Amino acid sequence: MRRREFLAATSAAAALAACGSKAAPPLPPGTFSGANDVLGHRLRKPDFPAPTETRRVTVAIVGGGIGGLSAAWKLARAGCDDFLLLEMDSEAGGNSRAGRNEVSAHPLGAHYLPLPPREARATRQLLAELGVLQGDPDAAHPAYDEKYLCHAPQERLYTNGYWQDGLWPTLGVPSAERAQYVRFQEHVAELRRRRDPAGRRAFALPLALSSRDPKLLALDRITMRDWLLGAGYTAPGLFWLVDYACRDDYGTAAAQTSAWAGLHYFACRDGEGQVLTAPEGNAWLARGLARAAAGRVQPNALAFRIEQGRKENVCDVYLAAENRSIRVVCRELVWAAPLFLIPHVFVAPRPRWLAAIRSAEYAPWVVANLTLSAAPQTRAGQPLAWDNVLHDSAALGYVVATHQQLRYAPGPTVITWYRALHEETAGRQHQLLRDRDAWAAEVLADLARPHPEIRELATRIDIHRHAHAMIRPLPGRLWGGTRRDFERGGAGIQFAHADVSGLSLFEEANYRGVLAAERTLTRLGVSFASSL
Amino acid sequence: MQRPLLVSVFIVASCGLAYELIAGALASYLLGDSVMQFSTVIGVYLFAMGIGSWLSKHVVGNLLVRFIQIELLVGLLGGLSAGLLFLLFTLHAGPFRFALYGLVLLIGILVGLEIPLIMRILKREVAFKDLVAQVLTFDYIGALAVSVLFPLLLAPHLGLVRSALLFGLLNALVAAWALWLFRAQIGTMAVLRAQCGAVIALLATGFGFAGQFVSLAEANLYNEDIVHAESSAYQRIVVTRWRDETRLYLNHNLQFSSRDEYRYHEALVHPGLAASPGARRVLVLGGGDGMAVREILKYPQVESITLIDLDPRMTELFAQSPLLRELNGGALGSAKLTIVNADALQWLEQTPQMFDFVVADFPDPSNHSLGKLYSTAFYRLLKQHVAETGRIVVQATSPLYARESFWTVVATLEAVGWQTAPYHALVPSFGEWGFILAGRREYKPPATIPVPTRFITPDALPALFHFPIDMARIAAEPNRLDNQNLVRVFEREWGRVQAP
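One line per chain: the protein sequences are A and B, in this order. Going by my numbering, the residue at position 170 of the first sequence is 173; the numbering climbs one at a time, nothing skipped. Going by my numbering, the residue at position 39 of the second sequence is 42; the numbering climbs one at a time, nothing skipped.
Do not rely on the hints blindly, as some may be mistaken.
[Unchecked claim] To give an idea of the interface, some chain B residues facing chain A are shown, with a C-beta separation under 7 Å as derived from the structure: (1) D346; (2) Q349; (3) A380; (4) R483; (5) Q487.
Treat the hints as calculated values from the structure; they're not laboratory data. Owing to the predicted nature of the structure, the values given are computational and were not obtained by experimental measurement. Cβ atoms here follow ideal geometry from the backbone N, Cα and C, with glycine treated the same way.
The shape of chain A in the complex, shown without the other chains (with noise of 0.2 Å):
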């Protein structure tokens, strides 16, 4: 018997065995959709109409993500009303936009809020209007609504065929090892409590409140991996979790993150981890700012020229749904868009602003929600949570939109997966230019693993992609100087993107937003109680 027989004879003995278990079925269907990139990449070849009209405001703001949004929410409650939002995409809202169908609302991009510290004041004054922070927004630990609090459980991690409670990876790991778990633990808790002479934190979010001591800001000329490597730590599980907490947060592996950066998500929070979350993610919080800007937001508008002027701005936006451009005339412009943007855009974009551009990197991301008729089964460990994670993979696991959901049968329901493009940047994007079918066999591949009923449960499998996702905290960003000039503004300019903090968090956007409309209001001569 040759070997060609048998492998023959084997494989109709596995043939014969795997019997009943049916061919996989073709790919679920699905829509492939992303930022408007048709519209932005026009940006580099202009070719638009001349505006053929001209509106008047006060205050204009580009770009209608959490900062642009947050600059309406501040300006609306301080009783200025004459702005306008001009939004590139069909509706604002930027990373924290949601989808919807039959079975439930899911997020697109941001999906949770951790619950802010004392120095987010802006982030939970908002909490606080929409009911969700309970009483003093000032408090040490306010009490939150718990429909928007997430539901237990909250997050396991599969890891050797079984899915474990928590994301530490703990299932078979020496104690040894463990104990680094918790000397790493002890020594972000001593960064958390750590004040400066001035009583600002080692690490505070928004990171402008941040102690500026200079051994602490000597932490972002370094990488997070190799400030774990020189504090002496080896346990590949704290390495682990320290690599997803960097690809979750900022799109960046460890060996790429600024190590302030990296110490900066384990240290500015009390929270003792919760988050608020809903089915759409962060699309209520988005909501929520809009709502102050009622009436005022342009969806569909492109900001393709802006002209600085002594005491006005000229802004020349082109109307996609119109097929028309406008001219908007502000006394002062709030640029809430991405900031690698600016050349494109501005007439004369000062040099050191272009060169601060130049060196900044942006994290793609692709985001695929997947309808199934069914939960996803556990074959061996914890019940299905929110948060769900793959040690082995190199997405970032799924979140469940119904979770949050106040039923207790099961049914269908819609799950969320993630995958930061760590090793690839924006312009350089090979995996960001396969098609949807691609991705969503991809997607079915990483899932099967847990769950080998995947293919069958998904009826659909919509994939949404970020080319410009995250600004990325290489070394050297945070602290280097290059954000210095954005920091401050100018005349009849402010910027308000969380790229002008470097790290794309909803409360460095919101502080960014509301920091801009604050400064604004003080050049208009209008009156406001600081939210900051």
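Got chain A; can you put chain B on it based on the hints?
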């Protein structure tokens, strides 16, 4: 002739290992202690194979015919092994371990005969060193194939009974194949052919009816006559009857016994409803068996009852089955009753209706889904649907076996601003059971129970509200959705009760 026999070595080896794994898995499943079961089953099996090998020297005559006969016997015994053992266990017929090891010994001996026989058949054609190498290679590869397939595909998808039958069929098919291939050497052996056909037919039929067989065995597991069994979209519903006692099991958990369910349902309804003479609109959450509704219907002032039960099969069954209607007095056919088959949480979120009295009779908080029905969020939602003077009653597991769980539910009700009145009653089928009345105002036990009862009387009430020290209140945190501490506490407490 050589190749087909090597293929049979592969199949025969696969089957041999499969019976060993099936016996080990079945023993672990039924007897527990899987290390012990696998270890002893494998030991006995290997030893038996040794006996078989030794016995093989006594096998003489036409070796091909003997091989075919042995294959048929292995197929028959191995194929039926799991089913026979399962049936034996559930019937409590005879010493199960004796049968288990006896069967393992028998199959092991037969399997032990196979390989030596094949080697003797082949030795006429192949040099000894090649023979040993080839036969043993396929023997071990077959074992590997099954040891991988068994836990991944066979046990989860086919189950043990069907897996055994499948391998039995494979053995029998090898026999049939050999019979056809070597027809020249063997000649027409009508008897052998008939045996072959009979074994294959028997095993194939068994494979087709394995499902019914398992339910037959299940009937014995309950030790009572099953009068109704079905799997609805939500749960396994089994109704049993033994002499004059009827029982309901949901997912194999006892829900009531007709012997003492009146104690449970009277305790659930009367302390609260007898104290609410103004109650006109009543809501029952859970309780699709209609027993609570039967008690509520005794109060003439109640104008409408709304029953929310997730599972339409439950309410249909208890509205239609004559036996079950006798138990709930036809309550589910009452003109005052509206049945809604919905998720209680979702229904409460969208209904504008208000109620004077609410009965929350949910399953115990044994998982995170059920835990939601005992959370501050749920009680806050429910409160929006309870009239100012209204009251709710909650079944809250056993204050004796799950003391902290019970007082956690009390703390949860108090955390949303209710005043609570916890009480308990003895229901022999369940043990000491706990209930909690909650309302915006303080509860005062009624002076009279104005309806006919068998258990709850006014003079018995004070004792129900008194908690002896082994069930007395202990400190407990409210059950919030973001921590669901009740589920953890409940699991710990009942785990302790059920541990041997």
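These are the hints, each one checked on the structure:
no.: 1; hint: D346; in the structure: 4 Å, holds
no.: 2; hint: Q349; in the structure: 5 Å, holds
no.: 3; hint: A380; in the structure: 5 Å, holds
no.: 4; hint: R483; in the structure: 6 Å, holds
no.: 5; hint: Q487; in the structure: 4 Å, holds
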